[in-house]
Structures are given as structure tokens and as C-alpha cells.
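Model the full structure from these sequences, guided by the hints.
These protein sequence lines map, in sequence, to chains S and E.
Quick note: the first sequence, position 365, residue 365 per this note's numbering, numbers continuous.
Position in the second sequence counted from 1, then plus 1000, gives you this note's numbering.
Note that these hints are calculated values from the structure, not bench results.
Check before you lean on any hint, since a few could be wrong.
[Claimed, not checked] Output of the computed footprint for chain E on chain S, the stretches with three or more beta carbons under 8 Å from beta carbons of chain E:
id	segment
1	80-86
2	238-246
3	402-413
4	431-438
[Unchecked claim] Here are the simulated distance ranges between beta carbons:
id	chain 1	residue 1	chain 2	residue 2	range
5	S	Ser94	E	Pro1234	49 to 59 Å
6	S	Gln289	E	Leu1242	25 to 35 Å
7	S	Asp316	E	Asp1029	46 to 56 Å
[Said to hold, decoys possible] Some chain E residues flagged as far from chain S (calculated, every beta-carbon gap over 10 Å):
id	residue
8	Leu1020
9	Val1033
10	Arg1066
11	Val1082
12	Glu1100
13	Asn1182
14	Gly1204
15	Gln1227
16	Met1229
17	Asp1260
Cβ coordinates follow ideal geometry from the N, Cα and C atoms, glycine included.
What follows is each chain in one-letter form.
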Amino acid sequence: MKPFRMAMLAGVMTMAAMAAHAKSSLVVGLQLEPPHLDPTSAAAGAIDQVLYANVFEGLTRFGADGSVGPGLAESWDISEDGLIYTFHLRAGVSFHDGTTFDARDVKFSLDRARDENSQNAQKALFSGIESVEVVDDLTVRVTLSAPDGGFLFNMAWGDAVIVASESITEIKQKPVGTGAFRFEDWVQGDRITLVRNPDYWGTPAQLEEATFKFISDPTAAFAAVMAEDVDAFPGFPAPENLPQFEADPRFQVLVGSTEGETVLAMNNKLKPLDDVRVRKAIVHAIDRQAIIDGAMFGLGTPIGTHFAPHHPDYVDLLDQSAYDPELSKKLLAEAGYADGFTTTLKLPPPSYARRGGEIIAAQLRAVGIETEITNLEWAQWLEEVFRGRDFGLTIVSHTEPLDIGIYARPDYYFQYDSAEFQEMYAALTGETDPAKRSDLLASMQRRIAEDYVNGYLFQLATPTVANAKLRGLWIDMPTQAIDLTGVYWTE
Amino acid sequence: MKAGLILGAGLAGVFVAAALVSFAWVPHDIGGVDIAARLRPPGAGHLLGTDHFGRDILSMIMVGARTSIAVALVAVGIGIGVGVPLGLWAAARRGSWADEVISRAGDLIFAFPSLLIAVMITAVFGPSAVNAIIAIGIFNIPVFARLARGAAMSLWTRDYVLAARVAGKGGFRISAEHILPNIANLLIVQGTIQFSLGILAEAGLSYVGLGAQPPVPSWGRMLADSQTMIAIAPHMALFPGLAILLTVLGLNLLGDGLRDLLDPRLRRRRT
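See below:
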């Protein structure tokens, strides 16, 4: 028996040694570089892309299919009235700097996020929390002010990850989390390196090292993948190049869905867009398929409302905004703009906006609406359009999951102000019964489609180009994340 | 020597003609998009193929020539209109504070890389064709001011200018009636060269997205649009690139040829 066990052990060790010889590092190309490395204090998706699930973890977490599962909380109990969530934390978890993870870190993180002076970009996620109590080292009790069916979902967001009070001051430069990878190095303007965390509480990562390389120019991205300088490029920026990668046996092209509802946003407070007939006319003047084909080379699913088509509660409202330029002209005439009008169209950098914008401008011109196109960089777009609300039309993809709630915010950049919708949203937040939630979500989708708040174009698809030998990458993008914990090389 | 002039005039003429014709007629309408017809290679229906929105590239180049020529022309106009009077003034008041200010201000502008400042101006005041014109025009001012001042200065010592002064003409009248006609040939030559540089600058600004905004076609933006498609539709990059190359080449040949023809010193040597 004993020699046999020895032989087995030797065998396992040889296999381990062989595995170590196989390629164990990965270079991931990304178009955008994070402004800093604290996912809990900025809206920039690039921060989550690098750090979510890799370096930082939350109480719950998103899986590759968008489902919410246990993260640092192993399990939880919910009180009868839906107000008290008791989280049971995993034992033996430590941060990368060696400090122990316990209930106090959870309390610290949640209190920091919901604090009045919090820099958190998604404070609404925490607004329902009344108090956070430490019961013992591994138990946390969260009390809500009202039942919230989406609370576990909220806790899975990148903005709700658990940070440690010991390392919080340096988090923007040296993030310290509990994840399967440790932050190693950031060469600004070039790359971020992560290395495997040997003390990880769960299944350790198979990669020893992962490097995120920032390549903003689509042509350079194409060249880098072709030359195999990067092994994977999630969100590859030039869809027109995908057929070439598909035809090349060295690569695999994974086309996944995202939570990005791409919309032609309209300034609902600006004349003449404050007239629902004008907005309806604009929507009917748009041929979605031409935009999907022309701007995205066929990638993307048409949507008729602000909701992801892969979500079970999605309502197909495409017929309500079908391409019909004649109807469009009639509506404009009814609204008193028989000769059309001129408005601005401000476009952020992604190709869906820049190319989509030119196509939409041509389509609107066909019904008499002239647009003045301005191409903006992201910072300018955030300043002028998002914060300044100085625009007529703009095109942007709303990539947050289940974000129909933005229509309940009258000060949100497109300035849709409907008491009816706000009531529905309030009802939804208080509702925990799944069937009733579905009904509410459906009527909310109908409401914004009937009010023609925005032109709903398509659900953004995300193409990932990767080395053909790479496995375990997420295909869909249920949240802004590039989870590398399950990625490995086949050989 | 003559061959360069004729070739240059021919090339420049073709593009000016294309721009003029485009006002009345283009092979295909470029106002709309036709996704079904995109990325067609050059052929019978579309002589130079179509772009990623199915627009006819030949038509785009013709209308784009209008943008380039308009921007460059106005920019050179600004340069001549402001620069030449300043240069003449400086020459007429040689050594005065006006001369100093004009010359040093010119040096100051020359010290900056021109395209960099053009990028700055358009970034601050927003990208548009008008701002591109202003940015390029500003850099033309000292070019013409310096040229006019230098040329005028040598003329001020001539006998006929002395005669005019004796006759009681003031600096302004002498500059306008005697100096300007005699430096006109130099200005025409310089204008041609600045014109080609203006076209190049406009293309550069449009390429980085700071020139004419879509849907107004511009050669520089056509190049930028084609960048990621170069592997699947090389004609999208080739033809606007050739248009820029040939126009600039033509204008430079024309400028050289005109100098040979008009420069009195070179003319004297030949005869």
C-alpha cells in the first residue's frame, strides 16, 4: 500500500511539474486604462475589468452567466419581513497584505460606501441599508429600511467589493483585496500586472501571472493580436476585423452579450425634443438594422426598450418603434415641424457612437431633421453631455446591469421626468415577490417605450478575440469584469 | 523646367475642377448611407469603390476637395490679408517699434510647431472647419509678413521709391502703389506653397478628428475611417491618400514652376 501511495504522489508531483512547464502567464489587451484602482470610488468600467473577481471580491458575486452566487459570504439568512440579512462569512480568508478578513471589514466597506461623503459611483446600491452590525468575527447583520428584492444583486456589483481599513489610504495605487490574484505593478499608460495569490481561500488561479496591456487605438489592437503580443482582447474595438480572426486557426472569436443597452439619448427638456411626437418621429426615422450592420458589422441585437433581451423579463417592443420614415414625417408635421429642425448630435469615441452617429444623421436627414455632429472625447462627453446636459442627441451604451432605474431620476442626463414611472420604480424596489417584480419591470419597459424617452438601438455585443488554446474566459459580459480565476491554457 | 510647371498646374487643376464640378454634379449622392452597398471594390458602378457606409468614394473625394480647397484658400487669404500689410508696414517704418513688434511676434509664432498649436486651438474652441481655418490661417500670417517685409525692404532703397518720396508720397501710398506690385510675384509663389501646406494641415487635423466634422467629407477623415478597414478594403485608404499626395505634389510643382517663371533674378539668368 505504502509504495503505491508513494508512486501516486510521485505521479501527481510530475504532473504538477509538467503543468508548471506549460504556459502559465497571460497578456490581456484592453482598450481603456483605469484612471485609478479603487472600484468603490469611480464609475470607470476599466477599473472593474481589471480588478473585479481577480483582486477584489464582494459578499456575493456575479457568475459568467450573470447569476448571483456566494462570494466572501458563504451563505445568508433573510428574515421573514425581508428586512434583515444575516451574512455568514468564509473562514480563513486573508487580504493580500496578510491582514485577516472578518466581519469588521464588511462593516467598514459598507459604511464607507454609504457614507454621506462617499465617493462611490453607485450610492443607490447602498441607500436601502439602515445599519450594519458585527455579530461575531464571521457574521454580519445588515438591516434594510424597506424590503429590497435586489439587495443580493446589489452586493455583487464591483462598487460593493470588500476593502480593508488597513490598506484603504493607498487603494488607488496599490489595491489590496482578497481575490485569487494579487496586484503587482502598474506602469501607467502601459500595463497592470497581477500575480497568483498563493494563499487564496478558494480554488487557486491556474495562471501564475496576468498582465493587462492598454491599447486604445483599434489599428494597434489589431496588430497586437495578430502578432500574438496579447493573448486575449475582450471587447475588441474593431468588429470589421473579426472575420479575419475567425478565418485564422491561431485565434478564437467569442461573441458574447453585454448589459449595454445602446441608445440614442434625447434631451427630454430641450425644445423641440420635449414634444413626445418629435421624439416618436426620430425613433421611427431610425433603421436599427442599418446601424447594427454599418457600425458594428452585424454584432448586436435590436432592442425596443431599455432592457437586455437576454433577461427573462424582457418585453419585445420593437414593433412600436419600427422603421417608418413616412410616419416620421407625418408626426413632425403634426408637431409643427413639417420643414424639420436642427439639433446637435454629440458623439463619444466608441465606434458604435461615431459610426452609428453618421448613419443616424443620414437617416434623420431623410425625414428633414438636420444634426450638427460633434465628436467628443470621453472626458468632454462626461462634462458637456452627462453632467452639463448640453446636448440634443447623443449615442451611448448603458453597460450597468438592470439599470432601468435611471429613468426614475429626473436629473439624469436625458431628463425624463414621469411621476408614473417613478412610482413604478418605487414599487419595484419594495417588492420581493418575483412574479410581481416581473410585472412591474414589464410595465416600466412599456412606459419608457411609449413615452419614446430615447431611441433604443441595440444591445451591445462584445467580441473577445483570444488565442485558440485559451480556455475559461467569460464570453458574456454580465458586469464589467474580466474574470481570470478560471482561465487556463490547453496544450 | 517647364514640364514641372505644366504637370503641377495640371494636377492642381484636376482637383480644383473636381471640386467645382462637385457643386453641380457628383456620380452618386453622398448624403445618405446604403449599408447594403458598403465596401464595394473599385468597379463599374463605383469607379473608386464605396466606403464603410456604402458611399461612393469618388464622390466623397470630389466633395472632400471642396473642403480642402476652401480651408486652405481661406487660410492663405488670412495670411496674405493680414500678413502682407503688416510686413509692408514694418518695412515702411523700418527700425521703429511697429517693426520690432511685428517681427518679434512673427518669431514667437514661428517658434511653435504649427500643427501642435493648430491642435491646441481646435481643442480649446471645439473641433470645426472654421476653427481649423483660423488655426492654419494664424500660422500663415508671419510667413507672409516676413516675406513682404524682407522683399519690401530691398525695394525701399530703389531709385523709383526715392523719386516717389521726393514727389511727396507717404509710406502708405508708396507701399501700395510701388512696393506691392513689385513683390506680387513672390507672394503668388509663396501663396501656392502655403496653399499646399494648408491642404496638408487640414487633412492632418481632420485625421485626428479636429477638422471638418461629419457628415462634411474630408480627405483626412476618410483616411482615419479607413484605418481599421485597410486589410479588408484597401481602396478606402488608397484613394483619399492619393488625392492628398497628388494635390500637394501638384501645388508644390506649380509653386516651383511659378518661381522659375516669375522671379526676376532667375529670369535674368536665363536670358
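Taking the hints in turn, this is what the structure says about them:
no., hint, verdict
1, 80-86, "violated (count 0)"
2, 238-246, "holds (count 5)"
3, 402-413, "violated (count 0)"
4, 431-438, "violated (count 0)"
5, S:Ser94 x E:Pro1234: 49 to 59 Å, "56 Å, holds"
6, S:Gln289 x E:Leu1242: 25 to 35 Å, "34 Å, holds"
7, S:Asp316 x E:Asp1029: 46 to 56 Å, "35 Å, violated"
8, Leu1020, "24 Å, holds"
9, Val1033, "4 Å, violated"
10, Arg1066, "18 Å, holds"
11, Val1082, "29 Å, holds"
12, Glu1100, "40 Å, holds"
13, Asn1182, "46 Å, holds"
14, Gly1204, "16 Å, holds"
15, Gln1227, "5 Å, violated"
16, Met1229, "5 Å, violated"
17, Asp1260, "42 Å, holds"
The earlier numbered hints that this structure contradicts are 1, 3, 4, 7, 9, 15 and 16.
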